[in-house]
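Chemist: Sequence:
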Amino acid sequence: MYDLPYPAAPTSYIESVKKDMEYPGSKKAKKDEEYWHSKLAMPEPMFTDFTGPGRLMTLRREKNNPDLRWCLLPTKDGAGGTITYDLDVESTDKIIKFAEEHDLPTSVVILHAIRTVLSKFNNNEKDITIRNFVSRRSTLLNKKCGGVRMHCLPLRTIIEPTATVLESMNIINKEQQDMFLHADYSTMKYSR
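Here numbering that gives the first Met the number 0 is used: the first residue of the sequence shown is 0, the next is one more, and so on.
Don't take every hint at face value.
Claimed, not checked - Estimated spans, in silico, between C-beta atoms of each pair:
| # | residue 1 | residue 2 | range |
| --- | --- | --- | --- |
| 1 | 13 | 59 | 18 to 28 angstroms |
| 2 | 71 | 41 | 38 to 48 angstroms |
| 3 | 143 | 91 | 26 to 36 angstroms |
| 4 | 53 | 186 | 27 to 37 angstroms |
As the list claims (entries may be wrong) - With a straight-line cut-off of 25 angstroms between C-alpha atoms, the simulated DMTMM-like cross-links for lysine to aspartate or glutamate are:
| # | residue 1 | residue 2 |
| --- | --- | --- |
| 5 | 142 | 32 |
| 6 | 119 | 159 |
| 7 | 96 | 85 |
| 8 | 29 | 19 |
| 9 | 142 | 89 |
| 10 | 18 | 32 |
| 11 | 93 | 166 |
| 12 | 30 | 159 |
It is worth saying that the hints were derived from the structure and are not from the lab.
Glycine residues also receive a C-beta, built at the ideal position from the N, C-alpha and C atoms.
Please model the complete structure; the sequences and the hints are all you need to start from.
Modeler: In structure tokens, the structure reads:
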């Protein structure tokens with residue numbers, strides 16, 4: 000109809016699943032487990048919220064525990080009161096250009112902005128955790144086989160307020176790259 004060639008056929012989803020089935024008990028699975036257990040062995044992360052520390056402070060008073068670091072989420076609604084922002088073309092181009100100039104992924108620039116806002120709204124908290132969506136498509140076989148392979152993983156950064164913007168972004172980048180290397184580990188193992 001349009002005189003265009005058909006796209007290349009996808010790779011085999013069955014072969015991709017077979018590779019996934021080889022993962023449990025592998026050296027990579029062991030390294031991934033060690034990585035996530037080291038993350039889980041850290042002291043509990045600090046709860047931060049876009050509305051500020053009020054929810055955490057209230058729970059600290061209710062529980063009579065001034066050192067409390069966790070807080071119940073405000074909703075169990077899967078949408079989570081998500082707000083979608085549309086960024087204009089000019090601002091988008093500026094972010095992309097900045098990322099390219101500093102050899103950073105665009106996602107790091109955006110994560111830094113989110114992290115900075117959370118820190119500022121929570122009395123300059125330096126321990127910030129953000130849910131980061133990770134595509135589990137690290138091989139050509141997985142990239143081209145179809146299907147959805149996503150994890151939502153915690154990206155925790157502890158950044159001193161004296162760090163420069165670029166130092167902060169490099170810390171986020173390193174944490175994110177480390178997380179990507181270990182993204183095949185099943186989140187079901189540590190989400191109970």
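Chemist: Would you mind marking each hint as holding or not holding in the structure?
Modeler: Against the structure, the hints come out as follows:
Here the CB-CB span from residue 13 to residue 59 is close to 52 angstroms, at odds with the stated 18 to 28 angstroms. At about 21 angstroms, the beta-carbon gap between residue 71 and residue 41 misses the expected band of 38 to 48 angstroms. At about 27 angstroms, the beta-carbon gap between residue 143 and residue 91 stays in the expected band of 26 to 36 angstroms. Range check, residue 53 to residue 186: about 29 angstroms between beta-carbon atoms, so the 27 to 37 angstroms window is met.
Between residue 142 and residue 32 the alpha-carbon distance is near 23 angstroms, which keeps this suggested pair within the 25 angstroms criterion. About 13 angstroms separates the Cα atoms of residue 119 and residue 159, which keeps this hinted pair within 25 angstroms; it holds. A hinted pair counts as satisfied when its Cα atoms are at most 25 angstroms apart, and residue 96 with residue 85 qualifies at roughly 18 angstroms. For the given pair, residue 29 sits about 14 angstroms from residue 19 by alpha-carbon distance, which is consistent with the 25 angstroms threshold.
About 30 angstroms separates the Cα atoms of residue 142 and residue 89, which puts this hinted pair outside 25 angstroms; it is violated. With a C-alpha separation of about 18 angstroms, the suggested pair residue 18 and residue 32 falls inside the 25 angstroms cut-off, and the hint holds. Taken as a hint, the residue 93 and residue 166 pair is honoured in the structure, with Cα atoms around 19 angstroms apart against an allowance of 25 angstroms. About 29 angstroms separates the Cα atoms of residue 30 and residue 159, which puts this hinted pair outside 25 angstroms; it is violated.
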